[in-house]
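*Asks:* Counting from 1, one number per residue, gives the positions in the sequence shown under this note's numbering.
To be clear, the hints were calculated from the coordinates, so they are not data collected in a lab. Just so you know, not all the hints are guaranteed correct.
Calculated cross-link-like contacts (lysine-lysine; reagent style DSS-like; alpha-carbon spacing at most 27 Å) [what the hints assert, rightly or not]:
no. : residue 1 : residue 2
1   : K66       : K146
2   : K131      : K146
3   : K57       : K146
4   : K66       : K131
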Amino acid sequence: MGLCTTASRVRRAAAIVTAVGVAFALSGCGSLGFIGRSQAKDIAEINVTSPELREGKPLPSEYSCKGDQGSPPLRWSSQPLSEARSIAIVVDSHTGSDSAVHWVIYNIPATTTELGPNAAADPPEGSGQAKVTSGREGYEPPCDTKASYRFTVYTLDDRVELDEGPELPQILKEIANKTIARGRLTAVGIE
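Make a model of the complete structure from these sequences and hints.
*Replies:* Below, the structure is given as structure tokens:
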């Protein structure tokens with residue numbers, strides 16, 4: 001029993017360190033060596049909106065573990081980027097003591113500008129979804145009423161190409177390395 005508890009704690013600690021490190025790297029805060037891009041590189045801005053979410057407001061409960069709607073609808077726009085090859089979305093959460101990744105979808109066609117409700121259940125053709133902090137693939141509905149939930153959209157200059165069954169840190173690193181634009185919508189708490 002003790003070995004399982006220790007392994008669980010180690011996995012949780014690794015997930016927290018990874019999520020926090022990647023979040024800082026992707027947000028431009030910090031100079032972690034694994035991000036692979038010069039911090040001096042200009043990253044274009046993406047405007048991220050949703051008909052269901054409002055910046056700084058609580059996540060509607062139907063998109064949390066209390067509901068059954070799956071992932072919320074998202075829309076985004078930015079200046080046209082000739083080098084855009086794909087889109088990725090990362091949903092993560094943060095509290096004072098914990099962080100987690102709830103959804104990673106990548107290789108969305110670059111011409112896509114929105115995903116409807118529950119897109120995790122019916123993702124765009126050619127896209128992939130990563131196993132998140134919980135170990136589940138797809139959208140993991142959030143439960144923590146005190147966390148901030150960041151819905152970050154990335155425009156990439158290439159597709160994410162990895163071996164089959166990649167680990168979450170590998171996918172996040174690939175997204176960070178290929179980002180040419182990003183934007184975010186943050187929900188605070190859950191209704």
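*Asks:* Against this structure, judge whether each hint is valid.
*Replies:* Against the structure, the hints come out as follows:
For the hint pairing K66 with K146, the CA-to-CA distance comes to about 14 Å; that is within 27 Å, so the pair holds. Taking the CA atoms of K131 and K146, the gap is near 24 Å; set against the 27 Å cutoff, the hint holds. Our distance criterion of 27 Å between C-alpha atoms is met by K57 and K146, whose separation comes to about 12 Å. For the proposed pair K66 and K131, the alpha carbon gap of about 21 Å is at most 27 Å, so the pair holds.
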